[in-house]
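Turn these sequences into a full structure, and let the hints guide you.
Here the protein sequences line up with chains A and B, keeping their order. Everything in the first sequence is counted per the working numbering, starting at 58 for the first residue and increasing by one. Everything in the second sequence is counted per the working numbering, starting at 53 for the first residue and increasing by one.
Treat the hints with caution; some may be incorrect.
Which residues of chain B face chain A? A partial, calculated answer using Cβ under 7 Å [unchecked claim]:
hint, residue
1, ALA183
2, PRO185
3, ALA196
4, ALA276
5, SER303
Examples of chain B residues toward chain A, derived with CB under 8 Å [as the list claims (entries may be wrong)]:
hint, residue
6, ARG176
7, PHE184
8, ALA186
9, LEU191
10, ILE193
11, ALA275
12, LEU280
13, ILE295
14, SER313
15, ILE316
16, VAL317
17, VAL320
18, ALA321
19, ILE325
Honestly, the hints are just simulated from the structure, not real lab data. Nothing here was measured: the structure is a model prediction, and the numbers come from that model. All C-beta atoms, glycine included, are put in the ideal place defined by N, C-alpha and C.
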Amino acid sequence: MTRYVLRRLAQMLPVFLLASLALFLALNLLPGDPARRLLGNRASPEQVAVVRDRLGLDEPVMTRYASWLAGVVRGDLGASFGSATPVREMVARALPVTLLLASAALVVALVLAIPAALVSVTRPGGLVDGLLTVVSVVSTSVPTFVWGLSFILVFALALRVLPSSGYVSPVADPLGAARSLALPVLAMALPSVGVMARVARAAMLETMQEPAMQFARAKGLSPSRLLLVHALKPASVAVVSVAGVEFAYLLGDTVVVEWVFSLPGLGKLLIDSFLQREYFVIQGVAVVFTIAVLFSSLATDLVNASIDPRLQERLVGGAG
Amino acid sequence: MAGLAEVPVGAAVRSSGGALRTVEWLAAGAFGLIVLLAILGPLLAPYPPEEQRFADGVLLGPGSPGHLLGTDQLARDLLSRLLVGTRVSLGVALAAVVLGLGLGLLIGGIAGMRGGWVDAVLMRAMDALLAFPALVLALVIAAALGPSLRTTVLAISIVMAPGFARLVRSLTLRERARDYVAAARASGASAGRIARVHILPNIWAPLGAQAALAFGHAIPAEAALSFLGLGVQLPDPSWGNMISEGYAYLSLSPWGVVLPSIMIVCTVASISILADGVRRALEV
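Shown next, in the form of structure tokens:
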């Protein structure tokens, strides 16, 4: 397993380097002077020169990238231009909110999707199966932020049962946190439910066709035991894979959901930084997002490799 | 932006091949109607989309005299804005898919035809783009280039390019191994000619299905970016920036949010159902 983890980390490294380079170049090779962009058009040439010097903008761009990357590796993400607050501090405050949102949405989506898939698999083409297809299409056709706005309209403005904005820490007040996160988490989870239920259903149907299943059926195993004990585990590899992909989508969705519900996470920090033209904060937050995506993909592969050890051999054998 | 592209609706029990079903024909009809509205929208709009008619009233509901779908907070006719916005939103999505497909064809085609280190470098670059959550990548591009309609198209197309590039690469590799390509190579055709004349016509069907699904993703992507103020800029109406404007007045009138949302959902659902049906019918 250690060899497998090292191999996966080695694969992640060039991807991370390329992603960080693309990010840095996108935000640093813009037309115009970055110092003037930060200071605005009214700044004098002397003020611009001071800022260029302070930020090291006269250095070659690859030197600046190398020094920024070295900082990222040390955990130094730079500082806000306006307030001089270290980006690391901002990220440390915002990251738990975002991770909590995305993880809770993933768990809710799984809790809704797996039973739906199990029920629909028992009678493919039946009423529940047809209903699942309809629910899948509807849930995936409504964008996350439209779910969010609809929930605000119904539950916060019309029924007044849940808050439309604000964040309560689960450490300080678990019940308050559940109330404040209920709508955003559900808005994020619903589009994923359709996707995951369809994958789980397809994987279980495929597993049920395998000779081992036919043998088990011939031995007289009950359909529920066959499904819950024998089909669920092989099918879970596909479910874990799609859950990993969905987690990356959910991380992206936090940007718009945190904005809609005024939650102080990484996504809202990103938009606020965009509005205040805080390019160093955007850079720092975006790189944290890529690290989160890469590690969620690693976690997905590790869970899958522990469920099905053949996957490890395939990768260590060089196929990955 | 869930990963709809990877999973055909009800894939496992449906038989492949055959004609479209009733629900898929209905979806085709709905989508055709939306496209027609996008084309004819400005002609059908009762008022110019920016015209403020305060004498008629602000935040009117649907069915108000002279305003079939009501007015917004600036007394602009919601039907007119919705019709013009349909053209803008569909136009942005179409342009983004065409550009994303073009980038994917170029990158995936070169990777598939050249192989070796070129393939490895290009595919790692695509992996690097996939390491950004879609909205984060689009936001970085908007931050870099400044929010505008053109940036929105570019941002969405770059987000889509890796998916297209991977598909084109795998299809190119599959076709390269076929006898007709070996025959073309033996007759002295260059790699570029083989790609254009021989391989491209044989990979259009799966690419078309993928493009249809990508269109279904581009619609909410544009809406999300414009909603956040990073996409299509006012006064040009798009479904996303209409929702953004309506959001500020949600407690007074929901229609500014509800009407464009209904258009987004109908468009995405009809494309999703239709694309799935076409894919099944073509057995791709």
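Going through the hints against the structure:
Of the supplied interface hints, the one on ALA183(B) holds, with its beta-carbon coming within about 4 Å of a beta-carbon of chain A, less than 7 Å. For the restraint placing PRO185(B) at the interface with chain A, the shortest Cβ-Cβ distance is roughly 3 Å, inside the 7 Å limit, so the hint holds. Interface restraint check for ALA196(B): the shortest CB-CB distance to chain A comes to about 5 Å, inside 7 Å, so the restraint holds. Of the supplied interface hints, the one on ALA276(B) holds, with its beta-carbon coming within about 5 Å of a beta-carbon of chain A, less than 7 Å.
Given the 7 Å rule on beta carbons, the hint for SER303(B) holds: about 6 Å separates it from the nearest Cβ of chain A. With its C-beta approaching chain A no nearer than about 5 Å, ARG176(B) sits inside the 8 Å limit, and its interface hint holds. At about 6 Å, the closest approach between the beta carbon of PHE184(B) and any beta carbon in chain A falls short of 8 Å, and the interface hint on this residue holds. Restraint check, ALA186(B) versus chain A: the minimum CB separation of about 5 Å is within 8 Å; hint holds.
Restraint check, LEU191(B) versus chain A: the minimum CB separation of about 6 Å is within 8 Å; hint holds. Given hint, ILE193(B) at the interface with chain A, holds; its Cβ is 7 Å from that chain's nearest Cβ, closer than 8 Å. Nearest Cβ of chain A to the Cβ of ALA275(B): about 6 Å, under the 8 Å cut. The hint holds. The beta carbon of LEU280(B) comes within 6 Å of a beta carbon in chain A, closer than 8 Å, and the hint placing it at the interface holds.
Interface restraint check for ILE295(B): the shortest CB-CB distance to chain A comes to about 7 Å, inside 8 Å, so the restraint holds. For SER313(B), the suggested interface contact is upheld, since its CB lies about 5 Å from the closest CB of chain A, less than 8 Å. The criterion of a C-beta within 8 Å of any C-beta in chain A is met by ILE316(B), whose closest approach is roughly 6 Å, and the hint holds. Taken as an interface hint, VAL317(B) checks out: its beta carbon lies about 5 Å from the nearest beta carbon of chain A, inside 8 Å.
With 8 Å as the threshold, the beta carbon of VAL320(B) comes within range of chain A, its nearest partner Cβ sitting at about 4 Å, so the hint holds. The restraint placing ALA321(B) at the interface with chain A holds, with a minimum CB-CB distance near 4 Å, inside the 8 Å limit. Taken as an interface hint, ILE325(B) checks out: its beta carbon lies about 6 Å from the nearest beta carbon of chain A, inside 8 Å.
Hint violations for this structure: none, all hints satisfied.
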